[in-house]
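Please arrange chains B, C and D on chain A, whose structure you already have, making use of the hints.
Protein chains: 4
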Amino acid sequence: MKDAIQAAKDAFPAWRAKPPLERLRYLVKWKTAMDKHNDEISRIETMEHGKIIDEATKGTERAIENIEVALGTPSLMMGYNIKDIEPGVDTVLSYEPLGIFGIISPFNFPSMVPLWYAPYAIASGNCVIVKPSPLDPICANKLSEVVDEIELPPGVYNHVNGDVDAALELLENPDIKGICFVGSTQVGRDVIAKKCGETGKRYIAQCSAKNPLVVLPDTNITETVTNILPSFFGNTGQRCLSAANFVVVGGDEFYKELMDKVVAAVSQIRVGYGLDQTVNMGPMQSVAGKERVLSYIEKGLGEGATLRLDGRKPEIVGDYPDTCFLGPNIFEDVAPDMTIAREEIFGPVMSVLRFGDLDEAIDFVNSSNYGNGACIFTTNGKAAREFNHKVDTDNVGVNIGIPCPLCLFPFGGTKDSFFGIMHGQGQEAMRFFTDSKILTQRWF
Amino acid sequence: MKDAIQAAKDAFPAWRAKPPLERLRYLVKWKTAMDKHNDEISRIETMEHGKIIDEATKGTERAIENIEVALGTPSLMMGYNIKDIEPGVDTVLSYEPLGIFGIISPFNFPSMVPLWYAPYAIASGNCVIVKPSPLDPICANKLSEVVDEIELPPGVYNHVNGDVDAALELLENPDIKGICFVGSTQVGRDVIAKKCGETGKRYIAQCSAKNPLVVLPDTNITETVTNILPSFFGNTGQRCLSAANFVVVGGDEFYKELMDKVVAAVSQIRVGYGLDQTVNMGPMQSVAGKERVLSYIEKGLGEGATLRLDGRKPEIVGDYPDTCFLGPNIFEDVAPDMTIAREEIFGPVMSVLRFGDLDEAIDFVNSSNYGNGACIFTTNGKAAREFNHKVDTDNVGVNIGIPCPLCLFPFGGTKDSFFGIMHGQGQEAMRFFTDSKILTQRWF
Amino acid sequence: MKDAIQAAKDAFPAWRAKPPLERLRYLVKWKTAMDKHNDEISRIETMEHGKIIDEATKGTERAIENIEVALGTPSLMMGYNIKDIEPGVDTVLSYEPLGIFGIISPFNFPSMVPLWYAPYAIASGNCVIVKPSPLDPICANKLSEVVDEIELPPGVYNHVNGDVDAALELLENPDIKGICFVGSTQVGRDVIAKKCGETGKRYIAQCSAKNPLVVLPDTNITETVTNILPSFFGNTGQRCLSAANFVVVGGDEFYKELMDKVVAAVSQIRVGYGLDQTVNMGPMQSVAGKERVLSYIEKGLGEGATLRLDGRKPEIVGDYPDTCFLGPNIFEDVAPDMTIAREEIFGPVMSVLRFGDLDEAIDFVNSSNYGNGACIFTTNGKAAREFNHKVDTDNVGVNIGIPCPLCLFPFGGTKDSFFGIMHGQGQEAMRFFTDSKILTQRWF
Amino acid sequence: MKDAIQAAKDAFPAWRAKPPLERLRYLVKWKTAMDKHNDEISRIETMEHGKIIDEATKGTERAIENIEVALGTPSLMMGYNIKDIEPGVDTVLSYEPLGIFGIISPFNFPSMVPLWYAPYAIASGNCVIVKPSPLDPICANKLSEVVDEIELPPGVYNHVNGDVDAALELLENPDIKGICFVGSTQVGRDVIAKKCGETGKRYIAQCSAKNPLVVLPDTNITETVTNILPSFFGNTGQRCLSAANFVVVGGDEFYKELMDKVVAAVSQIRVGYGLDQTVNMGPMQSVAGKERVLSYIEKGLGEGATLRLDGRKPEIVGDYPDTCFLGPNIFEDVAPDMTIAREEIFGPVMSVLRFGDLDEAIDFVNSSNYGNGACIFTTNGKAAREFNHKVDTDNVGVNIGIPCPLCLFPFGGTKDSFFGIMHGQGQEAMRFFTDSKILTQRWF
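Chains as they are written, first to last, in numbering that gives the first Met the number 0: chain A, 0 to 443; chain B, 0 to 443; chain C, 0 to 443; chain D, 0 to 443.
Any given hint could turn out to be false.
It does not matter which identical chain is used: a pair holds within one copy or between any two.
[Claimed, not checked] Within a straight-line C-alpha distance of at most 30 Å, the following computed DSS-like cross-link-like pairs (lysine-lysine) qualify:
1. Lys289 to Lys57
2. Lys57 to Lys28
3. Lys1 to Lys381
4. Lys193 to Lys8
5. Lys35 to Lys194
6. Lys57 to Lys17
7. Lys194 to Lys57
8. Lys414 to Lys1
9. Lys8 to Lys255
10. Lys298 to Lys17
11. Lys381 to Lys260
FYI, nobody ran anything at the bench for these hints, they're computed from the structure. Treat the numbers as computed from the prediction; the structure is a model and nothing was measured.
Chain A on its own, in the form it takes in the complex (with noise of 0.2 Å):
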């Protein structure tokens, strides 16, 4: 990790020297590259994450188009300026690069995370440092390799694998400027925004969360039952932005129509090898994953919920061994308070709540600790203006299941689900990056 410092330090000057164009001219190739190695990326993440290729295959799609909204760093970054500030006296600011940004990914979206971040730090600067999860390091690795078929100059982009001591030299370190984290609540605030506070680190810290997606009895059923099912078990319910609360408003036979509807679809995902086509749901990322679900559907057995489908011991496609799968779970019964409808399961673990009507489904929303996505399905304008308006979270859906907004948009949290002030991607991201510095200037 002190190599990959001073190589990124060594870097830097020259780097941030360039013309703007001159770093964009980068990114393309970065960009095409990238899409070359789209299906060796993605099966690798298939491989050593566990998720289907389909999955895995979009989420290298997303990670590209993170270099693609990128590649408008040059206007992006323009500072700006105005004369006569006072009589003779002008003044212009521009947005400088800082430094060095140590990248902390999580083992969910190994191809993904990274990209969130450094096609906008070096295209407008700066360098970085990637260390991913020590879960699934080879995926992190085949993007660093991408990476050096474009030629960047070395030290601009930096790969070191490690855990604990490799993440704590980058908090520590006075050379890095900036933390770009994703992951856990407690690591998140209690690592990550601590130790930046201590060393004077801007951070931005991507952490927990437990989605709710709200239906209201005018949806159209066919339609919602189709979109949500990504929603909760897409990845293996290994996402910040997965549903996991399904918030239902309407009366008994609304009720049992959508649901029967719901189980009916959710019973047909088969769990398999990701690399095997039929297959619709891969296993859990580690054994640790799975007996953590495992535990919460004890405990929302154990609270009273009623598990009307039961995933915990799957029939599963092929002939592999069960450590780490787990089919689709959907608790019914569920009580606001109960554990499994207030913490993060991070598994494939639907869990279905009642209410009357939207103001109450909202106020259900807003009692979270959390605050990354919330999503309606509803065909009335009034309201999803209403739930928009007054749903405490960061990014909301409106008839869509997981309300990740496209990479041109920044991607925040509220509450225990982010910390620090500006997002990553998007425009927003060359906030982050750079630092506004201020020349006021006259002559006589």
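Just chains B, C and D now, with coordinates in the frame of chain A:
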């Protein structure tokens, strides 16, 4: 403090829901009321803080300018959006006020600093709590009386006197969403940044400085001398953008001519009571402040610098006790590693250093732990550009004594002079006081 | 007019050189003075133009809102810049005021339209010459008296009464850099756009319209009826964003219920003198205007439409000669190709058309030569989105009777409703009133 | 041309509906394809137009840079929005592509000028029709072959050869929404601006120039001479940002030294075939062009200027007919009112004028009918600032020979050098190629 936080919490929902132009109208009234009370506020500042009335008036004007700039808020807080980000899917980002912000302001500009932040916070839909320095709280109290006149809804602008306990309540209370602080590096880093990291608040911490003012031998000496005086001795040197190190490049002849004229001009500074219009420099704000300066002068002498102008026992205009008065001091033969060249004295002391060329001078500038402001005096376009490109401070002045950007621009700092990401003032303040929320929407 | 142009020419250099915040301070005074005189201006507008006092007051308020939005000018006119665009080369773009702009305003909003443009032009450093409609010049004259109170430097804001000759001088004089015009398509295209093309001026020409208001059967009928009334009959139909075609989608039952309620509500409109607070609709502004409307009603009858509500001989509240009075008129059985469905009547006439579904209604909307505004009333999110995406007008309203954007946004139009590129009002106005000048700089 | 317009009309709806990132991906391919064919395109340009291969290559690179800048389009075309503009009412502005744009490009930069516009138009969802100069259409034809390789949907980018008739069809056809034109002031004003005014199209017309290059006596003579040569004689003087008037401030000694060095350096320019790498200047593009230059030289001699360097019968490298060749020409003793000081010669002729001080030089600069570019060579910061503030041109260079902004910035002009409002290139192009559409929405 708890009552104030509760009042702000009660006021927030209705205040944020007001149309932006309605909030703007309060700011127009506020500006008008501040204009009306400018003289009174400034006189209080002189009486309470000690600075001369012209300086106090300029400070109040600067406060008002922040309200003027915040009049652009409705346009500046617009979100952005794009259609068909995927077929049938539209995305809209909006900037949302966050809630309550605490403003912990320092003793040196009691009428100005609270308004570095409050107008932007309020215009964008937040509530604020101003906790002024316990050393001169009457001035800020007057500010809040002016706010009373404009009939803001109760709880939007709050004023609470207090010391450490009041500040800690702001830092620890979960309803406070962010902190604006101006003060020492030690408090900024070890209290503000650390506490805010732990409690998940955003923060601006503008801290200590040791600002250099570089002179090249091609400069116009007469203009230079006129312009640098207020830079070193204005506000009795108690200003985070005061020049502290006078960095002279050039040969002995130039140096002699320059310093003779500087010393001659500085010797004319009349010390006394700030409401006496014949006076050029008021006392230090406190006895403790005076003692700190005296102890630094001792250090300077002890480390071998020459005290060419000794202001320790100044002649005082009028018949006042000399509790806090200090005259201007000029140290020559200051070496780059002396304490008086490295630490913030925060008083009327100029440390003169000599370097052989611009590059050496810039190296010295960049060797500082601080990065608030740096100025150069020259007629040469190339030198000015090089200085601006190479010095690692956020505020750069060319032929400007105090490189404080007009408040259309943000005011930041690098290294130990600033903690946080977004700066206060100007359009950048909008990003500090709001959060980006993203709606992704489709219909079926 | 020539004297006014000379006065503006003399005033320009000093005005453009003023620091932006100084210009802003005049606008704060202007807003305050307009607030003070709002009642007086509005009463003059009612007496001179005929509209009821509530409408006049709303118009004056809208004028003031433009001053409020223009208070953001210093930030909104910032240029942009980047360093090291090539090694050692920096580029700075600044927005420069151009000189003198002519404002040729119409009779229908005499106190509002001059201020659609003047605040932005002036705030950004230009001078203006207002030439109001000769039909009601007293109101604009009052506007210029208010400007006198704020002591703008002479020549910055100029008022010249006159007709075609005065307008031609504005169009042909080389010192006039741009024209803001609101009036008919014929004059806008054949005089304003053509002359400005010949003389190299930039222009905004906001022209005629024939705005549709579409109702879907899922709408809330009570709310809809309440909201559409001012849209068709406000300002006695003399408004470029008035609804003219009432486009009803849905079956006979819905149509009958809707139209019965519309007719019942419209029948309650009391016609009379605008200062009589019991009156809901004032007279036409001129005899010529009334005659134009009557002739269109004849055409409608001749082409086979049914005049369900006949306002040609209205009952008048109070004892006034009926020179200009007209009551509200409702035509049913209007076919898409009838004159009363295609041409701008500019009076209190509603043409009702029926279509089988939303697509047909949108096709009709887009078949118009005009593209000012289009509205839809529905509770359905999907229909609203489709309408907004498909209609070819610049202003779209969802459950809004008059889709006039608040002046934080620009006000334009498509097809024969607008000639030019940049629109007036909001931040877009800044680009119309300034030119981008680019400095490319290096030093050796 | 009509077929092309129809093809574009057919292509537009699907093209504009594509997600912005999908359109972006075509531009990435386009940039890559242009890089691949750069050599071939540049060789064609040299063979067809005559300029030397280095100049042709730089032109093609500049074309590619415009694609690079247009890669920022998705972010740059974002609209803006605000909630609760009135209680319950939200407003969203979006930038909408308009349809089809015509690009009428000139003979002097056949591979560059079409791409000043096409990338931005296409990236933002429009279709274009390129009509190159009939004098050298093969180069633009090659550009369209490159576009074929990237498999843009048919009809998005169209190429039509032709002369006046083809241009008139573009100007008169109502399906063409705007025109981008580069050419003479006469055509720009009397044809483009006039016709577009009549037919309601937006337009950019970049026209004639007579650019001054001012030298102050404090300049570094060696650097200055090196830098100004390409400015006067690059592209054989056929460039809208070529310097034409060499404006020397200073005494006789300085003048003599400067001019001796200029003449010495210019005398070294080798004239010949552009693909011969030893050649520094190619022929005029046409016999007519050469004759125009010769006739201006006659005028200059007739009006009393001194032809210090006579390039009318140049020595030609290699064995080529001298149909179009001209050597560099330098006129001294040029008076400010001579034809050769006022009219655009568009060939390798430097007119040298002398003035006593900077103010006189600036007065001369501003006396021109044209306002494209103006440059100053000086080491003095004050002089550079004054020059930039006072000269009335849109492009200003400080120690830059050709003040052409990199295409991250727009390229405009003042007075008779430009007709229109928005300029092409950079982010400003986005506003030319899109229209702002505003949705005002509430729900009940």
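Okay, the hints, checked on the actual structure:
1. Lys289 to Lys57: within (23 Å within a copy, 60 Å between copies)
2. Lys57 to Lys28: both (20 Å within a copy, 21 Å between copies)
3. Lys1 to Lys381: Neither: 55 Å inside a copy, 37 Å across copies.
4. Lys193 to Lys8: both (24 Å within a copy, 26 Å between copies)
5. Lys35 to Lys194: neither (39 Å within a copy, 47 Å between copies)
6. Lys57 to Lys17: between (33 Å within a copy, 19 Å between copies)
7. Lys194 to Lys57: Neither way: Lys194 and Lys57 sit 34 Å apart in one copy and 39 Å across, limit 30 Å.
8. Lys414 to Lys1: between (34 Å within a copy, 21 Å between copies)
9. Lys8 to Lys255: Close neither inside one copy (61 Å) nor across copies (41 Å); limit 30 Å.
10. Lys298 to Lys17: neither (57 Å within a copy, 44 Å between copies)
11. Lys381 to Lys260: both (26 Å within a copy, 23 Å between copies)
In this structure, the earlier hints numbered 3, 5, 7, 9 and 10 are contradicted, and the remaining ones agree with it.
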